[in-house]
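Peer 1: Each chain is listed here by its residues.
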Amino acid sequence: MPLADPANGSDPPHASLPFSLEIPGHAEFVGTARIFAAAVARQTGFDEEMVEDVKLVVSEACNFCIGGRTDPSPHSLRIGAEEQDGHLRFEVLDVAPQPATGEGSGTQDQGWSLELIRTLTSNSAVEAGPAVTRVTFSLPAHNES
Amino acid sequence: MPELSLQSRTEGGWSVLDVAGEVDLATAPQLRDRLNGLIEEGTDRVVINLEGVSFMDSTGVSVLVGALNTVRERGGMLAVAAPADPVRKVLHLVGLESQLSIYDSTDEALRS
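So the protein sequences, as listed, match chains A and B.
Just so you know, we're using our numbering here: the first sequence kicks off at 1 and counts up by one.
Just so you know, we're using our numbering here: the second sequence kicks off at 1 and counts up by one.
Among these hints, one or two may not hold up.
[Said to hold, decoys possible] Part of the chain B face toward chain A, derived, beta carbon under 10 Å:
1. 25
2. 58
3. 71
4. 72
It should be emphasised that the hints constitute simulated quantities derived from the structure, not laboratory data.
Where is the CB? At the ideal position from N, CA and C, for every residue including glycine.
Just chain B, same shape as in the assembly (with noise of 0.2 Å):
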């Protein structure tokens, strides 16, 4: 089975949830369930940092894109950041590269 690590942490006001691994349809549900605790947790401003993620399909997209409706939805922003190219050639793909917020790096999102 794939493995996925996410280690949360909070900087500047946002929170920080750093992920390692594949996201796929085994491991989605784990991420899934990650987010929506910190959000729940009342975090309205969240970089999710892709680094470490070595392959994504669409069942990750979707959880980011529940992610992103639901921080929105409470006011917040919602910010991804450091995608491998094939991650973000599959956020291109889908047609969410112009939706979400991506920088090519955590500090970087972390100013905006």
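Excised from the complex, chain A in its bound form (with noise of 0.2 Å):
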């Protein structure tokens, strides 16, 4: 059963995505999500290059979320991905509530995951605000060359 999103009470937005994970929101299940992100890309027909990049992008989203928490307190990631448009889309989504840590506090890391995602996906997005941390990001299911 889909978990509320804390942000407005109603389903994650990719709470119907046909591929997803929930994982403890703590740097060694990182790991794990690339594992995931892997398997995804592989289903969806993209080359081992390629696979590359999306478990580089993935493990971004996450250093992203989980650099970003200034709050110890349990929390969950969820890694949700489909296919849309020729496209593979992500979405990494922390889903416990933290406190603001206000404009220009992201660390050196977390502006390197910015420009890897930025740089290898198209259509990337962030939002980091006290209620959630959401990163977006689509890569093309099929080599374009």
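Both chains are sitting in their own frames, so use the hints and assemble them into the complex.
Peer 2: Okay, here's the thing in structure tokens:
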């Protein structure tokens, strides 16, 4: 049963996505997110070079969500994916509310995370607020040369 | 949890750190601690052999940059050897490929 989105009390946006994974929001589980993302990418027909890109950007999205937290309380990350219009769209969502950290408080690592996501994907978006942190991005499901 | 193997040795006046596994948010602190330990021991010529690294994200890059800066501040040298294509791609994308001394093999780095 999907959990409620703490931001608005409704189902989380990717609750109905065909591929989804929920993991504890801790560094040691980011590898699990990569395994999930790689499996989805292969299922969708990505070649191994693109699978490596998918693993990297999903890892960076998880890093961004985990690295931005100042509240040590338990929380979860949800990773959802769907194939849409020839693209594989991912959403990484930190579903636990956290205190606002203020503008410009990101670390260098977080900056690189966003840079890598933006470089390797299209339609990337980051929502980092007091109630939810959400990173979304798309990759072409088949190589565009 | 991803596993990381770290083995250090001395060869030709260099300290060589053989790294294997995945370098990410969970394991990067282990790499950072080992590199800092080597540098604190007085090593000023370090080769980081990434031949066995199957995955590295920006947290690993951050460790490499920190080590590079520390070694340079001490007048030393740091080289990166044998990164697999995905690792080299990350270094390229964050703009570090030109700042790091990257070699195709540890032997090549040791001859530099």
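Peer 1: Each of the hints needs a verdict: does it hold here or not?
Peer 2: To see whether the hints hold, each was checked on the structure:
1. The restraint placing residue 25 of chain B at the interface with chain A holds, with a minimum CB-CB distance near 4 Å, inside the 10 Å limit.
2. For residue 58 of chain B, the suggested interface contact is upheld, since its CB lies about 4 Å from the closest CB of chain A, less than 10 Å.
3. A hinted interface residue such as residue 71 of chain B counts as satisfied when its beta carbon comes closer than 10 Å to some beta carbon of chain A; here the least separation is about 18 Å, so the hint is violated.
4. For residue 72 of chain B, the suggested interface contact is broken, since its CB lies about 17 Å from the closest CB of chain A, more than 10 Å.
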